[in-house]
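With the hints as extra help, turn the sequences into a complete structure.
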Amino acid sequence: EDQVTQSPEALRLQEGESSSLNCSYTVSGLRGLFWYRQDPGKGPEFLFTLYSAGEEKEKERLKATLTKKESFLHITAPKPEDSATYLCAVQAVESNYQLIWGAGTKLIIKP
Amino acid sequence: DGGITQSPKYLFRKEGQNVTLSCEQNLNHDAMYWYRQDPGQGLRLIYYSQIVNDFQKGDIAEGYSVSREKKESFPLTVTSAQKNPTAFYLCASRGRPTGELFFGEGSRLTVL
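Protein chains in written order, with our numbering: chain A, 34 to 144; chain B, -7 to 104.
None of these hints come from the bench; they were simulated from the model. There may be inaccurate statements among the hints.
[Stated by the list, open to error] If you want the ones that stay clear, here's a sample from chain A, every Cβ over 12 Å from chain B, calculated:
{"hint": "1", "residue": "52"}
{"hint": "2", "residue": "71"}
{"hint": "3", "residue": "96"}
{"hint": "4", "residue": "103"}
{"hint": "5", "residue": "114"}
[What the hints assert, rightly or not] Sample of chain B residues at the chain A side, in silico, Cβ under 10 Å:
{"hint": "6", "residue": "27"}
{"hint": "7", "residue": "36"}
{"hint": "8", "residue": "37"}
{"hint": "9", "residue": "96"}
Ideal placement from N, C-alpha and C gives every residue a C-beta, glycine not left out.
Spelled out as structure tokens, the structure:
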């Protein structure tokens, strides 16, 4: 069964304390992996798409990486405004282009 | 500005009532989606439409209905048959099959 698991469920960091969020997946074949940011009471906002193992993408303090079994979202020197829930979703080759979503990691950055 | 507009943002429903959530997009996207979000769970697909006048059931379609009469609009009706309708509902669209989803701001439905 295709599955996406995100860890940890929640992460509390001090401002400036770098860390990583994990998204592990099991699919028959990966078409793409997506990262989104979601603020409370809002819709998810697209961050990155990764298509193949070894690929990396960066945006400000965020960098996403991909292996054959998992993806990491690295946050460097985070600020309080980076506090949000980060969602990972996978599109499998045999999924009719539908996405399988993880439950998300709630990130809290304390000043 | 291009985007997706959902309304209402908050909605309260009495048991036994049907309610309709609106979703309008001006991105000229063919594909539109409805998801349900509950605390501690991933987004779950209710219905999706890849073209006007056509739609398919997602993983949790029971108790919901949709229509797609116009490219820009994809309303969702939560019927009285939905046993646990209190949730946050998200509408999304996509321009190409392997592209990213664009989401609306969501509608929070509470059953009293």
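Okay, the hints, checked on the actual structure:
no.	hint	result
1	52	holds (21 Å)
2	71	violated (9 Å)
3	96	holds (18 Å)
4	103	holds (16 Å)
5	114	holds (19 Å)
6	27	holds (8 Å)
7	36	holds (8 Å)
8	37	holds (6 Å)
9	96	holds (5 Å)
Hint violations for this structure: number 2 only, all remaining hints satisfied.
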